[in-house]
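Asker: I would like the entire structure built from these sequences, with the hints used as guidance.
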Amino acid sequence: MTTHSNTVSSAGSIKARGVDWVATIKDAGLAAFVALLLTVPLVGLRTVDRPTGLGIEARPEEVVASILLVFLGRLGLGLIRQGMAMPVLILALICAGVGLVLPMPTQVLRLVLVLGGGVIALRAAMTVATGRSKLSQADRDRRMDRIAAKVQHASKYIGPVAVAFAVVLPFTPLADRMILDIGILLLTYIMLGWGLNIVVGLAGLLDLGYVAFYAVGAYSYALLAHYFGLSFWVCLPLAGLLAACSGVLLGFPVLRLRGDYFAIVTLGFGEIIRIILVNWYQFTGGPNGISGIPRPSFFGIADFSRTPAEGMAAFHELFGLEFSPLHRIVFLYYLILALALVVNLFTLRVRKLPLGRAWEALREDDIACASLGINRTNMKLAAFAIAAMFGGFAGSFFATRQGFISPESFTFIESAIILAIVVLGGMGSQIGVVVATLLVIGLPEAFRELADYRMLAFGAGMVVIMLWRPRGLLAHRDPTILLHGGKPPAATGAAK
Amino acid sequence: MSAATMSTEKPLLSVEHLTMRFGGLVANNDVSFEARAGEITALIGPNGAGKTTLFNCVTGFYTPTVGRLTLRHPAGKEFLLERMPGYRIAQLAGVARTFQNIRLFSGMSVLENLIVAQHNKLMRASGFAIGGLLGLPGFRKAEHEAVELAKYWLDRVRLTEFADWEAGNLPYGAQRRLEIARAMCTEPVLLCLDEPAAGLNPRESGELAEILTFIRDVQTPQGHRTGVLLIEHDMSVVMRISDHVVVLDYGRKISDGDPEHVKNDPAVIRAYLGEDEDEALPPEVAADLNLAPTTNQKGA
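Protein chains in written order, with full-length UniProt numbering: chain A, 1 to 496; chain B, 1 to 300.
Derived by calculation from the structure, the hints in this document are not laboratory data. The beta carbon of each residue, even a glycine, is placed where N, CA and C say it ideally should be. Be careful, since some hints might not be right.
[Unchecked claim] Heads up, incomplete: computed chain A residues facing chain B, CB under 10 Å, no partners named:
| id | residue |
| --- | --- |
| 1 | E57 |
| 2 | R110 |
| 3 | L111 |
| 4 | L326 |
| 5 | F346 |
| 6 | P354 |
| 7 | A361 |
| 8 | E364 |
| 9 | S371 |
| 10 | G373 |
| 11 | N375 |
| 12 | R376 |
| 13 | P479 |
| 14 | I481 |
| 15 | H484 |
Answerer: Encoded structure:
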């Protein structure tokens with residue numbers, strides 16, 4: 001491998017003497033022309049509200065600036081490819097520096113200079129460091145596979161360490177209200193990701209309406225508490241049961257469909273649930289939602305408020321602590337941690353059972369499954385019902401944490417985010433879901449100030465990962481049972 | 001293998017008056033034949049003769065338009081295959097099959113492929129996953145037995161050393177053998193093979209023939225012998241190993257008997273090698289088409 005990349009980079013440096021300037025500039029010019037076509041209507045013209053009506057204002061500077069940037073960027077990429085990575089790196093860094101330091105006429109220009117310069121500098125640095133731009137797609141994929149396999153094997157150790165970290169987190173000085181809230185949010189999405197992973201990752205059914213089960217769980221608890229005054233601990237299993245029932249209800253008519261058609265119907269189901277919640281005003285409160293959902297008690301023994309209701313002890317008095325509103329947050333944190341770990345444990349175990357193996361076999365080839373006497377409908381229904389149940393648990397947790405729910409919380413974008421977590425992490429990979437949740441949910445939380453560019457970065461990230469690693473970040477599967485024991489076969493990757 | 005003693009027993013599979021129509025297209029037209037336990041029954045015919053359609057009817061992927069398919073277990077139980085939903089035929093009646101274009105679980109390991117084949121047995125043992133989730137000992141034992149059976153068949157098809165490989169990474173010939181092993185792990189009474197020698201080199205198809213004769217001749221632990229139903233284009237394989245050959249052409253059965261009989265049957269020769277156009281077409285049609293008499297149409 002090393003000798004190979006050496007020869008490649010030396011070949012690159014030979015080429016560097018003879019950079020094909022004409023072709024490179026032509027290429028950059030073409031990119032600039034495309035940029036011109038796009039920016040004139042999109043950036044160059046702006047509608048302004050005038051007293052006389054709507055007017056159009058031209059913005060030539062922005063157009064010129066963006067075309068120039070595209071030209072330079074494309075030129076930089078072209079030169080990197082032709083072995084001039086070092087000079088491009090320096091120039092790009094200067095660009096980014098200029099963008100950061102000097103005053104710019106517009107914020108957009110500054111952003112483009114810094115980001116564009118940064119990205120190109122990164123590319124150039126990568127090329128300089130490893131000669132990587134010469135690496136073929138397949139090589140890169142194989143490398144990532146090896147990394148994924150390593151992570152998978154290391155997850156034996158990473159997993160317990162991560163769990164231990166999650167368990168002690170509330171007792172570290174790090175834990176303030178905000179950290180714990182973000183932790184709860186992350187764990188909720190991790191749980192949903194792990195739940196959806198059963199359907200998408202194991203059984204291979206593309207479910208675009210998972211949020212429907214989340215909603216069923218949340219509303220089950222909220223409505224049962226609202227109308228019958230049931231407590232959280234009674235409602236949690238009920239919510240799971242109701243969500244599982246709705247999963248079976250959806251599953252029966254839908255499971256004969258395959259692939260895209262299946263995905264579209266699940267998408268429709270998600271919307272149906274949301275629209276029912278919006279329109280059934282008398283029962284669900286419609287768009288106003290349900291407020292005053294009771295908070296969870298300490299397993300029905302003690303309450304977390306300063307002055308608990310009649311017949312209930314106060315948590316802080318029970319344990320002889322000073323009252324703190326943080327107690328409830330910590331309890332919620334542990335609750336969702338436990339729920340998420342239940343889902344994880346279930347998935348890890350079920351993969352080694354005939355049920356889980358049949359799911360994976362269904363994902364691989366469902367016609368072959370039928371020829372082996374596997375009842376496909378029952379298997380898929382089981383996957384659906386179980387995933388829905390976990391979604392329902394997460395939903396009722398969400399309801400009790402928020403204290404208020406409305407159909408707003410259960411839109412399609414939620415389904416899309418959960419699905420993105422599963423797909424980004426690598427279908428079927430448990431640790432992949434955690435990594436992807438940290439990326440998809442954690443990063444935007446950490447960079448809240450950049451809220452305006454969040455969706456932009458999110459979309460760009462998705463595109464990059466789909467190009468770079470279409471099967472997900474940590475897509476690697478270990479056999480659930482080994483004949484020769486011990487080390488899993490190293491040969492699998494390099495079989496041919 | 002004496003055909004005389006076998007023929008006194010009731011056949012394992014009887015196909016009676018099977019007709020399968022797709023709209024106006026008649027893929028199988030009134031086909032009747034029998035297959036016996038401990039015999040290899042080959043189903044041959046030119047392309048488009050309706051062999052795979054017939055296979056799909058037997059294995060429950062299609063429901064025949066007309067006809068009866070009876071499977072008789074050695075224990076005496078009878079199953080009417082045309083009335084059973086597809087997966088039940090494999091689950092209860094014990095009919096296993098392989099596919100013309102290999103259908104393995106390519107992302108799973110070789111051993112896992114064979115374990116999935118024993119799904120129904122293991123599902124019961126794991127208490128429909130509930131006992132398995134709780135880690136009850138019954139499932140451990142059943143899984144151990146399943147691995148033993150898998151090992152046995154891995155040994156037979158000489159894939160033991162590849163047991164932990166991803167099935168999709170195996171060479172083509174090994175994938176064919178694995179698919180047969182997977183079908184055998186369902187412990188079938190009737191094994192249906194759709195062109196198992198397709199794409200194999202002569203050495204590999206020799207090995208395949210060995211595996212098939214082994215499957216035919218060995219007694220299963222239940223004390224019966226497996227019947228093999230085989231679609232094949234490779235005549236050297238068919239003539240060498242089959243005990244009974246059924247020939248289809250344009251959806252009809254045109255010949256039925258032992259390999260020697262079929263090889264010399266004029267109807268079969270006509271179907272494979274074609275015949276003079278003048279004889280095949282009525283004279284007025286031939287005149288209409290204005291065919292040159294030299295263009296002999298060859299069968300595929």
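Asker: Work down the list of hints and note, for each, if the structure agrees.
Answerer: For each hint, the structure was consulted:
no. : hint : in the structure
1   : E57  : 57 Å, violated
2   : R110 : 47 Å, violated
3   : L111 : 42 Å, violated
4   : L326 : 35 Å, violated
5   : F346 : 7 Å, holds
6   : P354 : 4 Å, holds
7   : A361 : 4 Å, holds
8   : E364 : 4 Å, holds
9   : S371 : 5 Å, holds
10  : G373 : 3 Å, holds
11  : N375 : 5 Å, holds
12  : R376 : 7 Å, holds
13  : P479 : 4 Å, holds
14  : I481 : 6 Å, holds
15  : H484 : 6 Å, holds
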